[in-house]
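Undergrad: Each chain is listed here by its residues.
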Amino acid sequence: MPSPDAPHVPLVALDTLWFQVAGTLCNIACTHCFISCSPTNHAHELLTLADVEPLLAEARVLGVREYYFTGGEPFLNRELLPILEATLRQGPATVLTNGMLLRADVCRELRALFDASEYSLDLRVSLDGFDAASHDAIRGAGVWERVMTGLRNLVDAGLNPAITVTTAAEGVATSDGRARFLELIRNFGFARPRLKVLPLFRIGAEETRTRAYEDWERLTSDALTSDDAKVLQCSSCRMVTSRGVYVCPILIDEPGARMGATLAETLRPFPLRYGACHTCWVDGVTCTT
Amino acid sequence: MTRLAFIGGMYSNYHALVATLADIRAHGADATYFLGDLGAFGPYPDRVPELLIERGIAGIQGNYEESLSTRADDCHCGYTDPRDNYFAQLSYDYTFAHTSDALKDWMGTLPRTIRFEAGGLRFLLVHGSPRRINEFLWRSTSPEPFLEKLCRDFAADAIVCTHTGLHWYRALPDHRHIINAGVIGRPANDGRTNVWYALVDVDGVNLRVEFVPVAYDHHRLADEMQREHLPEPFIETILSGWWTTCLEILPAKERAAGKF
Ligand code: SF4
Ligand code: SF4
Ligand SMILES: [Fe+2]
Chain L
71 MPSPDAPHVP
81 LVALDTLWFQ
91 VAGTLCNIAC
101 THCFISCSPT
111 NHAHELLTLA
121 DVEPLLAEAR
131 VLGVREYYFT
141 GGEPFLNREL
151 LPILEATLRQ
161 GPATVLTNGM
171 LLRADVCREL
181 RALFDASEYS
191 LDLRVSLDGF
201 DAASHDAIRG
211 AGVWERVMTG
221 LRNLVDAGLN
231 PAITVTTAAE
241 GVATSDGRAR
251 FLELIRNFGF
261 ARPRLKVLPL
271 FRIGAEETRT
281 RAYEDWERLT
291 SDALTSDDAK
301 VLQCSSCRMV
311 TSRGVYVCPI
321 LIDEPGARMG
331 ATLAETLRPF
341 PLRYGACHTC
351 WVDGVTCTT
Chain G
25 MTRLAFIGGM
35 YSNYHALVAT
45 LADIRAHGAD
55 ATYFLGDLGA
65 FGPYPDRVPE
75 LLIERGIAGI
85 QGNYEESLST
95 RADDCHCGYT
105 DPRDNYFAQL
115 SYDYTFAHTS
125 DALKDWMGTL
135 PRTIRFEAGG
145 LRFLLVHGSP
155 RRINEFLWRS
165 TSPEPFLEKL
175 CRDFAADAIV
185 CTHTGLHWYR
195 ALPDHRHIIN
205 AGVIGRPAND
215 GRTNVWYALV
225 DVDGVNLRVE
235 FVPVAYDHHR
245 LADEMQREHL
255 PEPFIETILS
265 GWWTTCLEIL
275 PAKERAAGKF
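So the sequences go chain by chain: L and G.
Quick note on numbering: the first sequence equals residues 71 to 359 in our numbering.
Quick note on numbering: the second sequence equals residues 25 to 284 in our numbering.
Here chain G stands alone, though its shape is the one from the complex (with noise of 0.2 Å):
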């Protein structure tokens, strides 16, 4: 049996980010990957990159990675309301001006995707979608039709995402899966202000998906952020585990479950 674990967008979060792979080391996880957005919504953006590095963990680029390293002006999220692009045009600015340009350089070394064989099934590691580094795969919209068709394009038995912050599995015929590992940036949108990263069990064409809880010192990240002048609503996510922002890209059913 091979034991997998796979972090979601961190951003900046670097308090969850050293609980999670302390975490990771007690579930004694053969290998460990990072899926992107590094940056974004905390502060000092060097640290979680430092961190990585240090540990040696492998991981892909997320649309934050594509935007720094090309020096772009936005984050390319995708968001489609403008109080959504608003905030999401904070976070990069200060995100961008805390970033040293060597990590930003290191940024753009990263790979778009990881490919690898576990047991009997084929890996595809991305940040979105196969398709698109900032294509949101929500639940409720990624019908199994459409996940099949990604696996037979992209020549796949199991692909692993992350970028909407909402972590699910769907199992589909044919030994084939779809695993959102969430994110440990910030919380799930669900009241509750612990992360969430993915362990998968892989025993040849058989995959069990664990979505594995992390609490971690918030309220030091919560005063950091208000330390670094980051927006208000962002500290409210922290605090409380419900989203004030990106609310406009969910889909009615994710939606209905959040607070706001």
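Same shape as in the complex, but just chain L (with noise of 0.2 Å):
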């Protein structure tokens, strides 16, 4: 339930413009993901070049730092290299994906778009345990083996992803788990290795696989200093999806939170009044995370 007294962060800076480029369709369905994306979730569609466009030329003239393309699974989007492309001679692109559908010849376009920008292309692929078993519980059976077959064809294309791990998976946030799984993305292949590990937001899928948010955890206006404010990603970011334009990544099926259609009628204040709010402020969530 949202909290009446909540606290409103300024959009300081438009740095980040995120694109749910895959709407909520996705080849599997997680047991934690935070907006239940399925193969059948079409709360959200997938976006063309033609959508994505005039909010690129928009994003031009705000002077946005960088692009993020997310789903459900990015890769499902048979426009997607074209949107990288068109998005790259403007600014860095990070592409988040299950990497279940990274098949050898799409990783040598990545690669060749990778040489051709001199802004970043960069891929995070999410991973959820050290080994088949532990992945899978969460992801469903069989998947592990496709990620590893996509991860060795962007081995071979001499692309390294960051790995993405959330704390579902069992030490990992300990500096032993680190290591451990470093050596395991060495082993994959990737030289450099590339770790990120995510807090898990207790909402959509994951509401059901833990427990849901409490009523304390809601943040009010005497909890948030305006400094506290600016490390929150929605005052530096907003998400396009098939349905308009939503104050962050997180919260594109909460109605309240979709603040305009175009990204000049969303430059305004938001009101935190979401529980997963509660989770961005306490793990300080930011777009560079």
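One should not assume that every hint holds.
[Claimed, not checked] In silico lysine-lysine, DSS-like type, Cα no more than 27 Å apart, as pairs:
#1 L:K266 to L:K300
#2 G:K283 to L:K300
#3 G:K277 to L:K266
#4 G:K277 to G:K173
#5 G:K283 to L:K266
[Claimed, not checked] Here are the simulated distance ranges between beta carbons:
#6 L:L151 to G:Q113: 40 to 46 Å
#7 L:D298 to G:Q113: 19 to 25 Å
#8 G:H51 to L:A186: 32 to 38 Å
If you are wondering where the hints come from, they were derived from the structure by calculation, not from laboratory data.
None of the values given here were measured: they were computed from a predicted structure.
In this text, a Cβ means the ideal position worked out from N, Cα and C, and glycines have one as well.
Hints in hand, dock the two standalone chains.
TA: See below:
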């Protein structure tokens, strides 16, 4: 339930623009997915190049620094590569993927985009455990094997993704767990292993996997200083989906988080009414983590 | 024509500073500025500030001077990875313990930015970015529209920065420029042991940037780091020219150019 006395976070600068490029469509249905993506969830649809272009034009004028592409699974979108190409003409792009659809030819095309652009093209592949058993318990049977194929194709193409792991992976938050995971990534064939550990949001499917937010897990105005506000990603980002522009990538299932149809309509402050806002604040989730 | 010299992060590498100042003199610069981060990484952190004061060189605070002068617990470097932060903390604790109180106070008197006009251009010197002392302006993640906005928001034609450790330059439309001067504290993750500073020639609204490589006695620096029990990965970087720490903060393109 939204809290009435919520602090407002101003948009300090629109540095980061997200595109829900695959909508809520995913080729799998993870138990911890914070927006409950699946092969049949059409809450948000795929974005086309034609959908993306006017927002890129607006972003250029506003001086956006970086672009993120997520879903669902971005590589379900057949226009993803042209969309990335258009984006890289004006800034760096990062794609968040589950790694299952990274065919050899797709990886080669990504490498060509990487080489042709003066801005960074980055990939983040998410894993949920140290091995097939723990990973597939969350992601589904057989997923680990397909991700391994995708990672091998990236190695062969000479691309070096960051591997992201949620704290759903047992022990990964400890320094031992990190060292083990880095070793694992090296064993995949990446000479320069990159690892990012992410917190979980107790919304979507994750709400039933563990537990939902308690009522005390809401922010009130006095709990948040203006310096705190600046580290929240909603002070520097917006999220584009097929249904409009939302405050951040986390709240696209909340109708109240849709701020407008164009970027210009979303430059105002946003009230932190939601439970997920509590995780952002406690764990310091920013666009760069 | 005016010739300006900019020295980025010095990281206690006073051997490189001596060599750089000699090189700047040989190039006949009209003015020289340092851009902050006098300490970190290297040994005997009093020597760089003492030399800058002795030569009367003007400059600004980096995140290191901000932290040391306010007696903060950490370097405000802005890393996000636990291993990077672990090594950053070792550097900071060593530097904190070996910097005199008088010099810490002096660091607090340095300005956070410097503005001046040269030719027809308004210069703005900052450590990280005009917005934040520890914002990283990397070449591959600082796109033109974003940099144009910085110039607009901060009323500058030429912004000069450091903090990332890697030098680059981008010319923007309408005679505006962003120059990351790089650092003389450690090599630029390119397998070469030299360090870099920036020479900028201004003539009216025309500007030309040259990044100048400086060789110095890096073996001597490595020996001193050893004697001071500074971390082995730091010494390896000085001797090999490849970064071994602070890697997780690198964007994909910059990361791909290094060895680790
Ligand atoms: S967590 Fe990612 S891979 Fe899993 S269902 Fe959600 S979008 Fe798909
Ligand atoms: S979920 Fe996080 S990013 Fe989104 S509005 Fe709340 S605090 Fe901001
Ligand atoms: Fe710095």
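Undergrad: Are K283 (chain G) and K266 (chain L) close enough, with their CA atoms no more than 27 Å apart?
TA: With a Cα-Cα distance of about 20 Å, the restraint between K283 (chain G) and K266 (chain L) holds, given a limit of 27 Å.
Undergrad: Please verify whether K283 (chain G) and K300 (chain L) have alpha carbons no more than 27 Å apart.
TA: Outside the cut-off at roughly 34 Å; violated.
Undergrad: Between the beta carbons of D298 (chain L) and Q113 (chain G), is the distance compatible with 19 to 25 Å?
TA: Check passed, 23 Å falls within 19 to 25 Å.
Undergrad: Does the beta carbon distance between H51 (chain G) and A186 (chain L) stay inside 32 to 38 Å, or does it fall outside?
TA: Between H51 (chain G) and A186 (chain L), where Cβ atoms are some 36 Å apart, the hint holds.
Undergrad: Given the hinted pair K266 (chain L) and K300 (chain L), is their alpha-carbon gap at most 27 Å?
TA: Given pair K266 (chain L), K300 (chain L) holds - Cα atoms ~21 Å apart, limit 27 Å.
Undergrad: Hinted pair, alpha-carbon criterion (27 Å max): K277 (chain G), K173 (chain G). Please report holds or violated.
TA: With Cα atoms ~23 Å apart, K277 (chain G) and K173 (chain G) stay inside 27 Å; holds.
Undergrad: For K277 (chain G) and K266 (chain L), compute the direct alpha-carbon distance and say whether it is at most 27 Å.
TA: holds (17 Å)
Undergrad: Quick one: are L151 (chain L) and Q113 (chain G) within 40 to 46 Å, going by C-beta?
TA: holds (42 Å)
Hint compliance for this structure: hint 2 alone is broken.
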